[in-house]
Every structure is written in C-alpha cells, then in structure tokens.
Amino acid sequence: MDEKIISRDDLLKICQDVIEKGNTLLTPGAADYSVVKDVSKIDLDASALPSKISYKSYVFPRTEPVLYYKRSKNDVQLIDVNIDSKKIVILGAKPCDANSLNIMKHLFNWDYSDDFFNMRAKNFIVIGLMCSQFDEYCFCTSVGSSPVSEKGSDIFLIPLDANTYALKIITDKGKEFISPYNGHLKSGDENRSKRITENVKLPETAFDSSEVYEWLGENFESPKWEGVGNLCLSCAQCAFVCPVCHCFDIMDEDYSYTEGRRMKNWDGCQFGNFTLHASGHNPRDIQSKRYRQRVNHKFRYYVNKFGEILCTGCGRCSRGCPVSIDIKEIVSNCKNDQKELK
Amino acid sequence: MNNIYMPYTAEIKEIIDESPDTRTFRLRFRDADRADRFEFKAGQFAEYSAFGDGETTFCIASSPTQKDFIECSFKVYGKVTQSLRRLNKGDTIGIRGPYGNWFPLEEFKRKNILFIAGGIGIAPVRCVINNVLDLRDEYKNITIIYGARSVSDLIYKQEIKEWKSRKDIKTVITVDPGGETASWDGEVGFVPAVLKKNAPESENTVVILCGPPVMIKFTMPVLTGLGFKDEFVYTTLENRMKCGLGKCGRCNIGNVYVCKDGPVFTYAEIKKLPQEF
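The listed protein sequences correspond, in order, to chains A and B. So the first sequence is numbered by the working numbering: it starts at 18 and just counts up by one. So the second sequence is numbered by the working numbering: it starts at -14 and just counts up by one.
If you want the footprint, here are the derived chain B segments under chain A, 3+ residues with CB under 8 Å: (1) -11 to -1; (2) 33 to 39; (3) 223 to 232; (4) 237 to 243; (5) 252 to 262.
Only part of the chain A face toward chain B is listed, based on derived beta-carbon distances under 10 Å: (6) Met268; (7) Gly277; (8) His314.
Hints are computed from structural coordinates only; laboratory data are not their basis. Using N, Cα and C, we set each Cβ at its ideal position, and we do this for glycine too.
Same shape as in the complex, but just chain B:
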C-alpha cells in the first residue's frame, strides 16, 4: 500500500531568527537517498509536520538550485507554527511534497523580471529570486521591491544585503511609515507608492507579486497603470489546506483547487475566479 499521507522525516540543521515572529528552518532529509532525490520547482509548496500538533502548509523558500538542503520560513500564527517554533536544532520534523504548480521560469528567460513582495510574501519570492540569480545570464534586468511593516519585520536581512551590493540587480527595500529606525537607509512608504517610483519599463517584463491581500489589491492598479499586463503578473494564493493532494476539499475556489491547480496563478487567471478567497 502506498500511503500518500506519510511524510519523510527531516532534521533541523539550522534555525535562523529572521524577525521577532518569523523563523527559517534549514532542513535535510534524514534518509540520504531521499535527500539526493528530492527535486522541486520554484513556487511549489510542502506540508510540514510538527508531530503531536499536526501539519501546516508553506512554500519551499530555498531555491531548487540549492541541492544540499531545503528551507522554509514561517510566521508564528497558529497551533502548528507555535509547535514548530518550540523545536530546536537537531530535532525532527516531517515533510510531504513537493506539491502544486510553479513559476514558469523557462518562459521568463530573456525577459526582465520585477519581484514585488510584502511581509511574509517574500518567502516564495525569495525562492524564485535565488533561482534566477543562480542562472543570472539567462534573464535580463532584475528589480526587487520588498516591503515590511517595520525594519525589525524585514526578513532575510543577510540576503538583502547581498542583493543590494550586487550591481546587476536593482533592490529597493521599504518599510511602512513609522516602521523606520534612525539608521534606516531604505525607502519609507507602502509598496504601491514605492513601486510607482521604482518600476522598470513594462515592455518584456514579467512580474512576480506576493504579499498580503491588501497589498495586492492596491498594487495591481499601479501595475496596470504602468502598462503591465495581467497575464504577465504572477502571484500565489494561500488557502487553508490539509492534504495538499486535492482530496480534503477546503482549498478550492470554484473549480480550482489551489493545492493542485495552484498555488501559482497569473492575475488574469485570478480575475476569472469567483471572488471567494
């Protein structure tokens, strides 16, 4: 019998405290063979277990080009994320996956890419950024716009530094008004406004946009105004999931199962969905 609900165990190799409420786990499968064979594409997600408290769904936040480990980043919110936070380096979690679709990076080749992320939405975007940077020659101009509520809420601080120091990408980091510190050298303002000032030309550019619904709601009109077409704006939907396999029945939006037909959708596709997400 093939048990589709059986996870693989993985060891927490490293814990990175990204912000007061967000943590990254660097994970390696305990089974060496599984570790070697595990393959995924940027944008796919997995079900992570904290045994005793259950499973929860996040994207895989590391790049598929990184073969030694996988990473997930999570904000402590509910029962399972609280349980995950209690785990220490060397402890074991469960992973099922990868599930869902991905960003069609093949189609992005020889195009400009504009990354826009807000809050924890940076996690799936960071996976694609690192994937693209590892194959830098295949893509044209790259722009990253990332916003968080405050300086302490910014995550992946070390990587941001590296992105900022690179000459071949444009990186703009912003915090909401009031979230800046005395030494803050980035932008202050909400993502839509910062986007307006820093957007590249829309010609031959694809957009990867992830963040809280309210940010997406106000960013889309700005993108449209700048000439970006809905079918070249990619985003992810995060509905509640249990199985990740298209069975448990809660992540659907109309006919679409976010776990199987998503989580990556173009804005044009999202517009066609019933407004129930």
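Same shape as in the complex, but just chain A:
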C-alpha cells in the first residue's frame, strides 16, 4: 500500500488547481454533494452523516436527453447528444457512496454498454474519506462495507489530526491524478493511520446478507410483505435517494410542433404504474409486491446476476422515509416469526 501524508493546506491547493483547470470538484454537505467554487469553504468532516442524496445524479442524471428529433413533412431527423466529458473530482466521498459506481457499472454494461453512464464514470476521481460517525439507520457493515472501506475510492484519506491526512493511493487512476502533485506529499507511516482506522467505532452488524439471500429465495410468498406493503406510500423517495438505484423511464418531450427530445428519467419500482401494461394488467399491482421487488432486487436478484448486493448500507432510504420504513430492520427481521415485518 502506497501511503503518504498531506496537510490540509496542501490538499486545498490541489483542489484549487483542479478547479482552475476547469474540472468539477464536489464535496458532500448536509443536503447533497455540491460543486465547490471557493476552496476556503471546504469543510472535510469525517464525523458528518451521509448527505441527503449521493452524487449519483452526476453520473446518472435525474433527467437527460438521449436524442433530439426534428419532424418535417414525412421525415424525422435524429440528432445525437454529446456527453460533457469534464473530469469530476469527488473530495471526501463517504465510503458508502464511494463504491456506488462500481456496483452500478455491472448493470450499465451488461451486454449493452450505456455510454451515458460510462463516459461520465470514466472521468470520475473518487477521493474517499474515512467516516467516523453513524446513526441508527447506518448498516454498511452488514453489506460488506465499513466506515474505513477503501472500495471504490481512487484515493483514500484518513484524518490524522485537525490539519493532516494520511493519503492512500488505491487505483492507477488515483495514482495518475495525484502524480502532478507529488511535491505536496510526504511519506507516511502506515501504523499511524492503522491505529486510527482500527479504533473507528463501527455500526453493529445488523444482519448476515447471505442469510437474507437464502430467506428471500424461499419466501417469495410471505405474509411479511403484506405488512410493509400496507405501510408504504409508494412515493419512491427511497429509490431517488439511493446511491445505487438505477431504474429509469424513457419518454418524449415535444418543445415545439416539429421539435423535441427523448428523455431518460429516473423512475422507481415503488410507483404503481412502473410495470403497468397498456391493457391495464399490472404484474406488480399492489404495494406488497412492489416492496418485495425492491428488497429482492437489492439482496437477491442483483447478487445472482452480478455477484454484488445492490445496497451500500448508507441508510438514506430509511432516514428519509415519510412513514419510517427501515430497510435494515426489515431484512434483519426477515427470519423472525412475527407476522408482519414491522
């Protein structure tokens, strides 16, 4: 492991340079990951909870055109789109967010490659930051991650004191990014950062994901789904705040009589019309089936298809749920014999 030390001032100098070169720099705040214009305002706080939403929308936008069309008398002219391939540097990514693109990339490259995702993901530099805080909704340790996980980060930072960070170079991409700034780095001491990471308080492991996987396989029909289905409002906020939910809709938007664009928009499996056929038939017609789909997709189907859990344990879906449905509680209790999940 290539470990260095960098002072806060030097880190901000690198940030300044990133911005001056015309690239986008994002840091997490309470609400979201926002674009940094003034590096003096950067507040890298390892003890902050995950922001309300992750940086998913920078690689998979809420809404984006996939093509433009112009109708003339009989013909239609199609105009392709260009993806802005600016470099995006995420400074201080939570470990639960850092791995999100790695999880999603399987889906977007399964047989057909979605270059809308790939072109942006390729230009991401993820600088992860150790996390020293958790609340009752966090469960990263139950899905194979942890507050000190380097998975998905190109570079990983561990705060040593108020003004110094241990800097680990994880990937070749990270190495390439940092090499022009090698002058700012001093050689580090692995033992020092290890002492810190080893003493980080971890959220308790809430469930064994392989047990959940097994349970789901045997309990497609279970009275437990009805309990949570009755609670859920089908607002799909859980999908929108999720760093790895990726379902979308494709629809046309006319903006004049002859011209328009085809949009790819975020969608959510909790919406009643997500699977509604034109005939009126709906395979997932009631909320319990839709919630069952959500949990199965995350903890079973995705594992079967791509070998990874479609969840980072960030807890956003539960934190934001208007009716306090807690996915951690649901999957932890799946094996219990109580009639309802809640």
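With chain A held as given, fit chain B onto it using these hints.
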C-alpha cells in the same frame, strides 16, 4: 460515443388495417445499408418510436426470410399505439432492435409443429409460421389453430386464406361463441376446446403458444392432457419495457429479464418463475 438508445428511422411503406383496432405497418429502413444489414430471428422484438409520444415494444411480425421489409402489427391501446395509428403511408417511425431471444427453429427441424394463437398473439406466431413455411421441407406436419373474439377481430385474413388453401398444413380458425357471422365457415368455440378436437399427436411435436393470459391458462391443461410436455411448449411473455436492453428495470420476473432472457420461454421455464407476470 455509442448511443444504445438511438433508433434507426424507417419509412411506412404500407398500412394494412387488419381489424377495427389492429394495424400492420410494412416498414423499410431509410438507410439503405441498414436495411440490407438488418437481421433478426423469429420471436425477437424491437422498440418502435412515434416521435413526440415515445417508444413501445412489439415483436417483429414478418418472417426473417423476408428480406425486403419488416412488419409490425399492433392493437391500439395506449399513448404510443394511438400515436402510431395517426401516421400515414410515407411517414417515418423509429426502430431499435432486434432484441431478446428467439424460437429455436434449428431444434424444431424434422419435428411436427403445432401453432396455437389467440387474439393479437398471432403476431409473433405468424412470424414463425411464415419462417417455417418458407423452409417447409425441413419440418414435418404443421397445424395452425388461431382464435379471435369475432370474425372482424381476426387479423392477417389474406394469409389465413393462403394457409387454408395449402394442402401441406392443417389450419383451423375459430371465433368465440357469438362472434361468428352468417357466412362464417370456420369453427365456433374457445381455443382450448377447438384444440382438443383438432390436436395432432404429441409425439415428436413442438407447440408454439401465444395469446392472452386467460387463454394460456386454460390451454395448458388441455395440452398436458394430450401428452405434450412442458419443455416442448414455447410461448412469449410481454412485460412492460422501456429500454429493451436490460437496464430500465421493469420487465423482470425475479432474476429473469424478459427483454434479454426472453421473450421466448418454454412452459417448463415459466413454471419455475415466481408468479409475478
């Protein structure tokens, strides 16, 4: 950048009004090179665009042996099919595809084939029928059973006439009781009952079965009773789709993505799926 959501434009060369609510488009890609290179297999589907209203999913209803054009047949039901219906001959639509799997016609060689279709389910079946008839020598006995609600709901009327006039295939057309006209010379009755009377031997026979869920539900026990094995009964599933590429996340039944692992499944495969379709 390779844009997987970009369709090719195609011209509507001909419009055939099959029934009061069902229409067939004969289409040719505007790009000549694309038209020459477009290849698909019987059972595959495509995404068709009515620009301004979006995309919708149907099977390719013409046979892959037909190289000059492709056809799709659709029942006017939702937003996009209504929009498609407003288009005229010479107008442009978009096509993405072909997507999904297909009927394994190679494996059907030297076998008898029983086609059973109900309603708009005839569209994917017709593709296979014409494919098989173009290579008639490679297959043994062929039986076609097709039912619709009424005589006016029967589609592909011209082709039915041709199938009926051929001596080397058995064609049985039926309409639901009450759907017949005074001059109707076909059967009257639901598909399962008509099947019982007209089924060929199950030995060495594969079945291609497409139609509304209720028809499939009542036809399967009849087939089983006649000795047809689930693994030789092929059907298609039609879930709502947007991308056709295994990305948008709505057509799955458990682990199975209908757009990529389907739309063609054997009944044995369908039985193993969670009951959510």
